[in-house]
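Add chain U to chain V, keeping to what the hints say.
Protein chains: 2
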Amino acid sequence: MKELTVFFVSDHTGVTAAAVGKSLLSQFRGLEYKTLTIPFIDTPDKAHALVSRIRESPRAMVISTITDQLIRTELKQCDIPVFDVFEAFSEPMSAFLGVAPAATAGQTHGMSNSYDTRMDAVNFALAVDDGLNPERLGEADLILVGVSRAGKTPVSLYLALQYGRKAANYPLTPDDLGAPTLPEVLLAHKAKLRGLTLAPERLAQIRNERLPGSHYSSLENCRNEIRAAEKMLTASGVPVIESTRKSVEEIAALIVHGS
Amino acid sequence: MKELTVFFVSDHTGVTAAAVGKSLLSQFRGLEYKTLTIPFIDTPDKAHALVSRIRESPRAMVISTITDQLIRTELKQCDIPVFDVFEAFSEPMSAFLGVAPAATAGQTHGMSNSYDTRMDAVNFALAVDDGLNPERLGEADLILVGVSRAGKTPVSLYLALQYGRKAANYPLTPDDLGAPTLPEVLLAHKAKLRGLTLAPERLAQIRNERLPGSHYSSLENCRNEIRAAEKMLTASGVPVIESTRKSVEEIAALIVHGS
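Line by line, the protein sequences are chains V and U.
Quick note on numbering: my numbering labels position 222 of the first sequence as 222, and the sequence is numbered without any gaps.
In my numbering, each residue carries its 1-based index in the second sequence increased by 1000.
Think of the hints as simulated: they come from the structure by calculation, not from any bench.
If you're wondering where the values come from, they're calculated on a predicted model, not measured in any experiment.
Some hints here could point you the wrong way.
To be verified - Just a few of them, taken from the derived set where beta-carbon distance is under 7 Å, the chain V residues facing chain U:
id: 1; residue: Leu24
id: 2; residue: Phe96
id: 3; residue: Leu97
id: 4; residue: Leu157
id: 5; residue: Glu249
id: 6; residue: His257
Glycine residues also receive a C-beta, built at the ideal position from the N, C-alpha and C atoms.
Isolated chain V, as found in the complex:
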């Protein structure tokens, strides 16, 4: 069979088209293909030029998010299947809503919340990363708590960039873990706390990449730290997320949607 190329085409960044495309393609097990993301196809001329490029592929398919019908029409000149989200849904949606669609290529789609909210949240996450500036914890929407290397930093950055949430993160150190309760500075913001935990084996693996063969990285120490952290968090009624097999996006979605 001739090699298949799947083009993810968008009038904006291509992030949504690629996400939809990868998700659709993941249904077809054993299928071999390469993918190409083509963003910013926001004029018929650009679509026209892209058609010439697509025609060079021996076998191709397009998955796209193109708002403007004229640009979609141009793209469909390539005589290969074009699966477009707007083409599929705009008309039936318009019929249900009783409102005509207005096409404007290149509209922002993808991330939620306004630019400034998200940038403020990123700056906040960096300012309070890893227990820095604890006096600013009051400004946080959420405070992620867990042992060192439990994945708090990437989750707090993703919460900021994707959801515009101000997420602080606070590492439970061996000193904290030896105390009878969570640190005072955290208990003052109890409703905002979210615990992150993971399997000791996975934690040991992550820590060994950083400090191989150390006490810090040993499975026994990881076990003890995690046991102490989980006990302390649940005793204070803090919801704890088990993250061993979860991606940053999944953990963030669980936190935001509170399940």
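Relative to chain V, chain U alone:
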């Protein structure tokens, strides 16, 4: 008219369903509605429970990404329009590809690249943020260069989280800007450099939020810094992106796709 609620429903994080949904809804100007993102609907039972919840809305519509047909069927019991990406495309795509779809709810879709690649990239971006650890610039896939507050940090974090790219960022200080060429430490990695610039008015606004009324934030100083930075970057043949009206996602897409 009764208030419209649009449910973005997903068997995974809901990020793609919400992105598709917002993008589709943005076509309908003047339409009033509220939205609710419901992630992790990955069993028929969860879909069944959701249907009861949807029925409580006086007027509702669903935009969804549900891989499993049984779960979709359950969701459609709510007797309101369900616009599902898999429902629309799986069959025609399967007919073209000659491969039957295999439904597995909750598959990872959304971000590209493996988990470890992206986490390494986040840790790298943090380690070399704002000119820290310049001896590690050789490890970078890309080095963002621009004046203070030109937006380098959020773009480098987004490149790491979304694309798994190791992006360093290096601020051009007044000292650097007084020199005849870019700093040696940057010129050693010329092919990796990408300039970020913006309108002096916007830069002054951003800086004034941080240090109001300072020389650093004055429009005149912002003008001078930007002029010097742009001159230095273009003299070295570094591609420069004008970011005044662009979001972090747009800047990142331009960098990754090289347009």
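Can we keep the Leu24/V interface hint, with Cβ of chain U closer than 7 Å? For Leu24/V, the interface hint holds, since the closest Cβ of chain U sits about 6 Å away, which is under 7 Å.
Interface hint status, Glu249/V versus chain U (Cβ within 7 Å): Glu249/V check passes; min Cβ-Cβ to chain U is 5 Å, inside 7 Å.
Do the numbers back the hint for His257/V, that is, is its least Cβ distance to chain U under 7 Å? Hint on His257/V: holds, closest Cβ of chain U at ~5 Å, below 7 Å.
Agreement of hint Phe96/V with chain U interface, Cβ distance less than 7 Å: Holds - the Cβ of Phe96/V comes within 7 Å of chain U, reaching about 5 Å at its closest.
Please verify that hint: Leu97/V, Cβ, nearest Cβ of chain U, below 7 Å or not. holds, 6 Å
Quick check on Leu157/V please, does its C-beta sit within 7 Å of some C-beta on chain U? holds, 6 Å
Checked against the numbered hints above, the structure violates none of them.
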